[in-house]
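Trainee: Spelled out, the chains give:
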Amino acid sequence: DQQVKQNSPSLSVQEGRISILNCDYTNSMFDYFLWYKKYPAEGPTFLISISSIKDKNEDGRFTVFLNKSAKHLSLHIVPSQPGDSAVYFCAASLNYGQNFVFGPGTRLSVLP
Amino acid sequence: DAGITQSPRHKVTETGTPVTLRCHQTENHRYMYWYRQDPGHGLRLIHYSYGVKDTDKGEVSDGYSVSRSKTEDFLLTLESATSSQTSVYFCAITSVGREISYNEQFFGPGTRLTVL
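Chain order of the listed sequences is A and B.
When we follow my numbering, the leftmost residue of the first sequence carries the number 74, and every step to the right adds one.
When we follow my numbering, the leftmost residue of the second sequence carries the number 2, and every step to the right adds one.
Just chain B, same shape as in the assembly (with noise of 0.2 angstroms):
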């Protein structure tokens, strides 16, 4: 158990709205990741985040923001939801893994967001 809870774990929007989705880690983790699974495509990093206020956009950023004002904090806000994004949401941290010189990363336990 990495210590990852996010919140909130079911959410219904409708198109146009804004919506925020929270990962927090309480294990002082540098590296934090946003995912989306669908089916067919598996997990897709949408942004990351390698430290306080320093993030990157991954394979699937466009229509999401991040932001990383506290070590223990990554928010995901999707400033105009669209149809499209209904999805499972996973929030994920990177640890040093059994062997030493090699990471992992281990997952919350996700949001499922239905935008309508």
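With the rest of the complex left out, here is chain A (with noise of 0.2 angstroms):
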């Protein structure tokens, strides 16, 4: 049973607009959720992190909301740019960050 979960596999956006991701998470531990952003034959690339005693984080474009009580994040990119897509992956962690447990992703296409 997966503890992360991505449930839309793919998303479509017109490029300017918002690009939503969506994420939840069964264990009421984790402590800290990142979003990891993939490109084709590269490795992940850390995007953006909340920790459990937040509920939104911004790093420019990307804004990360945490609502604990739902077991649920979201990533939202404003606005959506052509270059964006890539698939998403979702992760969270025990203890501050040893190991992560990730979900299965999310592929997102900015149409320009």
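Read the hints as simulated data drawn from the structure, not as lab findings.
Cβ atoms here follow ideal geometry from the backbone N, Cα and C, with glycine treated the same way.
One or more hints might be untrue.
Stated by the list, open to error - One-sided and incomplete, this derived list gives chain A residues near chain B with beta-carbon spacing under 10 angstroms:
#	residue
1	Gln75
2	Val77
3	Pro82
4	Tyr109
5	Gly133
6	Phe135
7	Phe138
8	Ser142
9	Val160
10	Ser166
11	Asn168
12	Phe173
13	Gly176
14	Leu184
Got two chains here, separate frames each, mind docking them using the hints?
Mentor: Given below as structure tokens:
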């Protein structure tokens, strides 16, 4: 049973609009959450993170929201750009980032 | 860039043959990890190491072994490769992130393994 779920395998968005990627988790003990971006033939790269003591973290065009009661987090990209087209993985960790559990990923396509 | 390299980058092998993948890091990180990436499953942890000669199993460790005789190298071995081990394999290290109290994982470029 997956502890971290990304229920949308793919998402298409028009350039300039908002992209919202969702992630749900089952373990209420997770204390740290991250988003990774992956281009084809490359390793995943860190995008943004949030600790369980916060409900929002912003970095430029990227904002992550955490709703602990719903065990849900989301990544907002505003405005979306064609270069954002990639697979996005949500990850969760216990103990502030020793071992991580990854979701299955969502493929984002930003259309020009 | 966390100074992580993986070799080989691509490999095709036959069922039943042994295969060893190498992960090399240059920044003296204590924790190293091996993941496999498969469609619909994301990244799944195979084994990890928390120091020289200290390793532990991850979620999908069956059929894999690891060794870490030096801080900089973490080897993943498939003793007898099977078609179900066809995958993309990523090595990762853990390092202090942008928030000092929390770690982040940095990944190597991946090894694409095909078992025929």
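Trainee: For each hint, tell me whether it holds in the structure or not.
Mentor: Results for each hint:
1. Nearest Cβ of chain B to the Cβ of A:Gln75: about 8 angstroms, under the 10 angstroms cut. The hint holds.
2. Using the Cβ-Cβ criterion of 10 angstroms, the hint placing A:Val77 at the interface with chain B is satisfied: the shortest such distance is roughly 8 angstroms.
3. Hint status for A:Pro82 relative to chain B: holds, with the closest Cβ pair at about 8 angstroms, below 10 angstroms.
4. Contact between A:Tyr109 and chain B, as hinted, is supported at the beta carbon level, the nearest pair being about 8 angstroms apart and thus within 10 angstroms.
5. Hint status for A:Gly133 relative to chain B: violated, with the closest Cβ pair at about 13 angstroms, above 10 angstroms.
6. With a cut of 10 angstroms, the hint placing A:Phe135 at the interface with chain B is violated, because the nearest CB-to-CB distance is about 13 angstroms.
7. At its closest, the beta carbon of A:Phe138 sits 17 angstroms from a beta carbon of chain B; the interface hint therefore is violated under the 10 angstroms criterion.
8. A cut of 10 angstroms between beta carbons decides the hint on A:Ser142: the least distance to chain B is about 22 angstroms, and the hint is violated.
9. Taking 10 angstroms as the C-beta contact cut-off toward chain B, the hint placing A:Val160 at the interface holds, the least distance being around 9 angstroms.
10. For A:Ser166, the shortest C-beta to C-beta distance to chain B is roughly 8 angstroms, which falls under 10 angstroms, so the interface hint holds.
11. Given hint, A:Asn168 at the interface with chain B, holds; its Cβ is 9 angstroms from that chain's nearest Cβ, closer than 10 angstroms.
12. Evaluation of the A:Phe173 hint against chain B yields a held restraint, the C-beta minimum of about 6 angstroms falling below 10 angstroms.
13. The criterion of a C-beta within 10 angstroms of any C-beta in chain B is met by A:Gly176, whose closest approach is roughly 5 angstroms, and the hint holds.
14. Checking A:Leu184 against chain B by beta carbon gives a least distance of about 22 angstroms; that is not within 10 angstroms, so the hint is violated.
Consistency with the previously given hints fails for numbers 5, 6, 7, 8 and 14, ordered from lowest to highest.
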